[in-house]
Every structure is written in C-alpha cells, then in structure tokens.
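Here is what each chain is made of, one letter per residue.
There are 2 protein chains.
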Amino acid sequence: MDKRPIGVFDSGLGGLTAVRQLMDQLPGEDIIYFGDTGRVPYGSRSNETILKYTRQDINFLMSFDIKAIVIACNTADTAAGSIVQREYDLPICGAVRPTAKKAAMVTKNNRIGIIGTSATIRAKAYDGIIREYNPGVEVKSVACPLFVPLVENYRTQPGDPVTEMVVAEYLQPLKDWGCDTLVLGCTHYPLLSEIISGFMGPDVALVNSGREAACQLAETLRRANMLSGNSEPGKVRYYISDSAEGFSNMASAFLQKPVEQLVSKIDIERY
Amino acid sequence: MDKRPIGVFDSGLGGLTAVRQLMDQLPGEDIIYFGDTGRVPYGSRSNETILKYTRQDINFLMSFDIKAIVIACNTADTAAGSIVQREYDLPICGAVRPTAKKAAMVTKNNRIGIIGTSATIRAKAYDGIIREYNPGVEVKSVACPLFVPLVENYRTQPGDPVTEMVVAEYLQPLKDWGCDTLVLGCTHYPLLSEIISGFMGPDVALVNSGREAACQLAETLRRANMLSGNSEPGKVRYYISDSAEGFSNMASAFLQKPVEQLVSKIDIERY
Numbered sequence: 093m094d095k096r097p098i099g100v101f102d103s104g105l106g107g108l109t110a111v112r113q114l115m116d117q118l119p120g121e122d123i124i125y126f127g128d129t130g131r132v133p134y135g136s137r138s139n140e141t142i143l144k145y146t147r148q149d150i151n152f153l154m155s156f157d158i159k160a161i162v163i164a165c166n167t168a169d170t171a172a173g174s175i176v177q178r179e180y181d182l183p184i185c186g187a188v189r190p191t192a193k194k195a196a197m198v199t200k201n202n203r204i205g206i207i208g209t210s211a212t213i214r215a216k217a218y219d220g221i222i223r224e225y226n227p228g229v230e231v232k233s234v235a236c237p238l239f240v241p242l243v244e245n246y247r248t249q250p251g252d253p254v255t256e257m258v259v260a261e262y263l264q265p266l267k268d269w270g271c272d273t274l275v276l277g278c279t280h281y282p283l284l285s286e287i288i289s290g291f292m293g294p295d296v297a298l299v300n301s302g303r304e305a306a307c308q309l310a311e312t313l314r315r316a317n318m319l320s321g322n323s324e325p326g327k328v329r330y331y332i333s334d335s336a337e338g339f340s341n342m343a344s345a346f347l348q349k350p351v352e353q354l355v356s357k358i359d360i361e362r363y
Numbered sequence: 093m094d095k096r097p098i099g100v101f102d103s104g105l106g107g108l109t110a111v112r113q114l115m116d117q118l119p120g121e122d123i124i125y126f127g128d129t130g131r132v133p134y135g136s137r138s139n140e141t142i143l144k145y146t147r148q149d150i151n152f153l154m155s156f157d158i159k160a161i162v163i164a165c166n167t168a169d170t171a172a173g174s175i176v177q178r179e180y181d182l183p184i185c186g187a188v189r190p191t192a193k194k195a196a197m198v199t200k201n202n203r204i205g206i207i208g209t210s211a212t213i214r215a216k217a218y219d220g221i222i223r224e225y226n227p228g229v230e231v232k233s234v235a236c237p238l239f240v241p242l243v244e245n246y247r248t249q250p251g252d253p254v255t256e257m258v259v260a261e262y263l264q265p266l267k268d269w270g271c272d273t274l275v276l277g278c279t280h281y282p283l284l285s286e287i288i289s290g291f292m293g294p295d296v297a298l299v300n301s302g303r304e305a306a307c308q309l310a311e312t313l314r315r316a317n318m319l320s321g322n323s324e325p326g327k328v329r330y331y332i333s334d335s336a337e338g339f340s341n342m343a344s345a346f347l348q349k350p351v352e353q354l355v356s357k358i359d360i361e362r363y
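For the protein sequence lines, the chains are F and E, in the order given. Residue numbers for the first sequence follow the working numbering, beginning at 93 and rising by one. Residue numbers for the second sequence follow the working numbering, beginning at 93 and rising by one.
FYI, nobody ran anything at the bench for these hints, they're computed from the structure. One or more hints might be untrue.
Put simply, identical chains are the same to the list, so a pair is met inside one copy or across any two.
Each computed DSBU-like pair below joins lysine-lysine, with the alpha-carbon atoms no more than 30 Å apart [stated by the list, open to error]:
id, residue 1, residue 2
1, Lys-349, Lys-200
2, Lys-357, Lys-216
3, Lys-357, Lys-193
4, Lys-200, Lys-216
5, Lys-144, Lys-349
6, Lys-327, Lys-95
7, Lys-144, Lys-357
8, Lys-95, Lys-200
9, Lys-193, Lys-267
10, Lys-95, Lys-216
11, Lys-216, Lys-327
12, Lys-267, Lys-95
13, Lys-267, Lys-357
14, Lys-232, Lys-357
It should be emphasised that the depicted structure is a prediction, and the values quoted were computed from it without experimental measurement.
Generate the whole structure from the sequences, applying the supplied hints.
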C-alpha cells in the first residue's frame with residue numbers, strides 16, 4: 093500500500109478527462125493535477141521545447157511526494173514520454189501507448205480511424221504502435237484542429253449547429269471508409285463523444301485516451317502493490333501556470349462534476 | 093528624414109495585417125516584425141504577465157536601431173500600451189485609440205458595434221475611448237472567440253459553411269440592433285472582412301484596427317519629419333519565438349501576398 097498521491101499533467105485542462113477516469117477507476121487515490129495553461133498549446137512547439145516543458149511539469153509534480161505520474165497530453169507523451177520514462181525513477185504512464193493497444197485489440201474489421209490535433213496527426217504518434225500490437229490493421233488519420241477551440245468555447249452539446257457541422261466535415265471520410273474503431277487522440281475530445289458517436293453511428297467504438305491512460309496506471313499500481321487502500325474518496329489538488337479566471341467552469345466541464353476546490357497558480361519556469 | 097526601420101509586434105501573426113497596411117501607406121519604410129508565437133495567445137494571461145511580455149517584445153525590437161513601434165495587438169495595447177508609452181523614449185503607436193477615434197468619427201447613427209476576443213471585450217478596451225471622441229455614441233460589444241481559430245485554419249473564404257454560420261451567429265444581434273459601424277477589434281479579423289461585410293450588408297462600415305494603427309504611425313512620422321524618404325520598397329524582416337513551420341503560408345494569408353523572406357526564431361525570454 094502506498095498512500096502518496098498520483099501526479100497528472102497536461103498542457104492545459106484537457107487532461108482533466110483523465111483525472112475524471114482516475115476518480116472512477118481508483119476512487120481512493122489522492123491526485124495532484126498540473127495544467128500548463130500559461131504555455132498551452134504544446135502542439136505548435138518544437139520537440140526540444142516540449143521536452144523541456146515536460147521535464148519542468150514532472151519536476152513540479154515531484155515537489156510533492158508523489159508515487160506515479162500520468163502524462164495526460166498526447167503531444168507531450170509523443171515528443172517526450174519515452175525520454176522522461178528513462179530519466180525519472182517512478183512509474184510514468186503516457187496516453188498514447190495504452191490507447192493504441194486498446195484500439196488494436198478492439199477493432200474487428202481492422203480499420204482504425206485516428207483523430208487528434210494537427211501536431212499529433214503529423215507526428216503519426218499512433219500508427220506505428222497500433223501495428224506493433226496488430227500488424228494487419230489499416231489506419232486512417234484526420235487532424236481536427238477546430239475541435240479544441242470548440243470544446244474550450246463550451247460548444248459540446250448535441251444539436252450545436254456549428255459543432256455538428258464541423259464534426260460531419262472532419263469525420264465524413266472516416267465514416268465513408270468504414271472504420272469500426274475511432275481513437276480520440278486528444279484529451280479534449282471526450283467532451284465531444286456524444287456528437288461524434290451520433291455522427292459515426294452505434295457500431296463505431298470510441299477509444300478515449302484519458303481512460304486508457306488511467307487504466308494503464310491502475311494496472312501498474314495494482315501489480316506493484318502501490319494502491320492507497322483508502323475507502324474514502326481521494327482529494328484532488330489543482331495547479332495551473334496562468335490566470336485562474338474561468339478555471340472552475342472549464343474544469344467542471346472536463347470533469348463532468350462541479351469543482352469546488354481552489355486552484356493555485358504557480359511559476360512553472362522555476363522548476 | 094530617418095532611414096531606421098519601424099518595429100511592429102503582435103502576440104502572433106495577426107499583426108501582419110498592420111504590416112500590410114504599413115506597406116501600402118508607407119512603402120519606402122523598412123520594417124522589423126516580431127510575432128510572439130511561442131507565447132500566443134496573450135488574451136488569457138494576467139495583465140502583469142502581458143506587461144512583462146510587452147516590455148520584452150519592445151526590448152527585442154529595440155535591439156535593432158528602430159525609430160518607432162506599432163503595438164499590433166489589441167490585448168497588449170489594452171493591458172500595457174499606456175505604460176510602455178511612458179517608459180520608452182520613442183514613438184509607440186497602439187491599435188486601440190486610433191481605431192476607437194476612427195469609429196467615433198465615421199458613425200452617422202451613433203451605433204457602433206465592437207467585436208474582438210473575449211479578453212478585449214471583457215476589458216471594454218474600446219468603449220471609454222470611443223465616448224471620449226463622441227459622447228453621444230451607443231456601443232454594443234460581442235466576443236467572437238471562434239474567429240481566431242477559424243482564421244488560423246484558413247477558413248476565410250466566402251462560402252465556407254462553418255465560418256458563414258459562426259459569423260451569422262455572432263453578428264446577428266449587432267445587425268438586429270442596427271449599428272452602422274463595426275470595429276474589427278482584433279488583428280486577425282480583417283481576413284474575415286468579406287464574410288463579415290457580406291453578412292452585415294454594404295451600409296455598415298468596417299473599421300480595421302491594423303489599418304488605423306498604420307495611419308496613426310504614418311501621421312506621427314510625418315509630423316516629426318521621420319519618414320525614410322526612400323522611393324524603393326522597404327525591406328521587411330520577420331522574427332518569431334517558436335517553430336517556423338507553417339510560417340510562410342500563414343504570413344502570406346495575413347499579408348495577402350507571398351512571403352519570400354526567411355523568418356528567424358529568437359529566444360524572447362532573454363530580452
């Protein structure tokens with residue numbers, strides 16, 4: 093048993109969809125969340141810069157006595173995940189590998205669609221890993237650059253005419269192609285699940301990278317006998333690197349429940 | 093006569109719409125452009141952070157021997173313009189005041205609509221200044237947070253169904269209200285002029301903050317006898333603070349002409 097908290101970070105608040113999954117799967121765990129809102133988005137930065145930011149994010153989380161880390165950011169995981177996993181002496185779970193594995197296992201017709209930010213799609217983050225687990229799979233990727241701004245403007249309700257139109261435009265090629273599995277390769281996208289599912293139809297399985305990262309961490313902690321063993325709900329503490337204005341509303345949207353805790357602003361450049 | 097270049101900065105590349113206006117109005121001037129693409133957007137930062145960034149942007153431009161500065165960013169101008177105008181010993185022209193003045197002069201029915209990012213609208217940057225010039229004016233402001241992502245995704249062509257729908261949604265209240273003047277209070281918005289004008293109708297005058305900032309600078313230099321006097325077209329040099337990937341395409345869109353010059357990446361935190 094290990095009562096120390098779990099650290100989770102993302103370039104912004106999208107990673108809270110992974111926190112939401114951790115709360116469901118491991119309700120007795122304490123969590124420290126860091127959202128690098130002062131430097132979001134990572135997607136347009138160079139790999140060198142993303143690696144520097146990722147190290148700082150981890151250093152900040154390690155200023156608490158944490159037992160493991162979740163990189164709840166597809167961009168940071170792709171650019172820096174395997175490097176920091178070698179550098180730091182605690183379990184670090186990324187979002188990409190468990191998500192790719194899940195998709196490779198779930199597909200029946202061996203056609204997997206992948207959606208993500210332009211940076212994630214350009215990096216072909218998922219393609220190779222999916223084929224490691226299932227070499228017969230065909231993969232088709234589509235960048236959906238307007239999804240993050242739509243989510244950040246709360247345009248996530250089914251029936252929103254703009255979001256419905258954008259979803260249809262981006263996903264029509266994947267629907268026509270006939271994938272039976274769709275990877276939501278960005279932690280913002282679970283908020284669009286209902287609209288995406290409505291468009292793709294009930295036979296297409298959506299794979300949520302926040303959920304898969306949480307599953308992976310749960311398994312890692314269970315095997316290492318590092319779960320907290322608490323029966324009461326764990327505490328979550330939130331840290332961000334820029335103005336807290338609007339944090340509660342956005343965080344409540346990602347967590348799908350009200351956020352009552354305070355959020356603290358920190359200077360990430362110091363770490 | 094003063095042959096030194098003019099410095100122009102913005103939080104990103106939107107300020108290139110002001111460079112385009114400078115090229116038209118003052119074709120013989122050399123220009124140094126800095127786009128703080130590594131720290132964009134400024135709109136979500138605290139005023140203290142924006143002031144720090146603005147000083148660094150100016151310090152970088154002053155590492156060249158420049159004669160004047162244009163703040164081609166409504167957010168930076170609102171949060172820090174009047175402070176840096178007192179701190180630095182060269183002419184610094186913001187975008188907000190000349191744009192507000194122009195709108196106050198142009199309106200005939202005394203109803204002015206203002207559109208901008210959430211930060212600009214929340215700060216009520218234009219309202220007070222417009223009334224300084226024309227106390228009888230009524231002002232109605234609408235935040236248009238999806239316009240910047242639409243522009244940055246090149247969704248600016250008339251007929252684009254998503255952009256047409258978003259423009260109609262945001263601007264319908266201003267159209268119903270009957271303003272005869274609309275302030276484009278963000279340097280990205282001139283790229284949407286055609287769609288905005290098509291929706292609002294030919295009787296609504298659009299006031300472009302990049303153009304007004306350029307006019308103001310031209311007048312300042314003329315009065316102080318600081319124009320270059322060159323008859324050949326001036327040179328423009330571009331600097332940004334993050335990856336140059338995609339720079340040429342986006343810059344060409346904002347400038348409405350091909351960008352052939354190279355762009356250099358600099359470390360703005362050093363200034």
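Results for each hint:
Taking CA atoms no more than 30 Å apart as the test, Lys-349 paired with Lys-200 passes in neither setting, with 34 Å inside one copy and 49 Å between copies. In this homomeric assembly, Lys-357 and Lys-216 come within 30 Å of each other (Cα to Cα) only across copies, at 25 Å, whereas the closest approach inside a single copy is 33 Å. In the homo-oligomer, the alpha carbons of Lys-357 and Lys-193 never lie at most 30 Å apart, since the shortest distance is 35 Å inside one protomer and 38 Å across protomers. In the homo-oligomer, the alpha carbons of Lys-200 and Lys-216 lie at most 30 Å apart inside one protomer (22 Å), although the nearest pairing across protomers, at 55 Å, exceeds that limit.
Within a single copy, Lys-144 and Lys-349 get their C-alpha atoms no closer than 33 Å, and across copies no closer than 36 Å, so neither meets the 30 Å cut-off. Taking the shortest Cα distances, Lys-327 and Lys-95 sit within 30 Å of each other inside one copy (11 Å), while across copies they are farther apart (62 Å). Within a single copy, Lys-144 and Lys-357 get their C-alpha atoms as close as 20 Å, and across copies as close as 17 Å, so both meet the 30 Å cut-off. Neither within a single protomer nor between protomers do Lys-95 and Lys-200 lie at most 30 Å apart by alpha-carbon distance, with minima of 40 Å and 69 Å respectively.
With identical chains, the CA atoms of Lys-193 and Lys-267 are at most 30 Å apart within one copy only, with a shortest distance of 22 Å there and 52 Å across copies. Taking the closest pair of Cα atoms, Lys-95 and Lys-216 never come within 30 Å of each other, the shortest separation being 37 Å inside a single copy and 48 Å across copies. In this assembly of identical chains, the alpha carbons of Lys-216 and Lys-327 never lie at most 30 Å apart, being 36 Å within a copy and 39 Å across copies at closest. Within a single copy, Lys-267 and Lys-95 get their C-alpha atoms no closer than 45 Å, and across copies no closer than 59 Å, so neither meets the 30 Å cut-off.
Taking identical chains as interchangeable, the C-alpha atoms of Lys-267 and Lys-357 are never at most 30 Å apart, the minima being 42 Å within one chain and 40 Å between chains. Taking the shortest alpha-carbon separations for Lys-232 and Lys-357, neither the intra-copy value of 39 Å nor the inter-copy value of 33 Å comes in at or below 30 Å.
The earlier numbered hints that this structure contradicts are 1, 3, 5, 8, 10, 11, 12, 13, 14.
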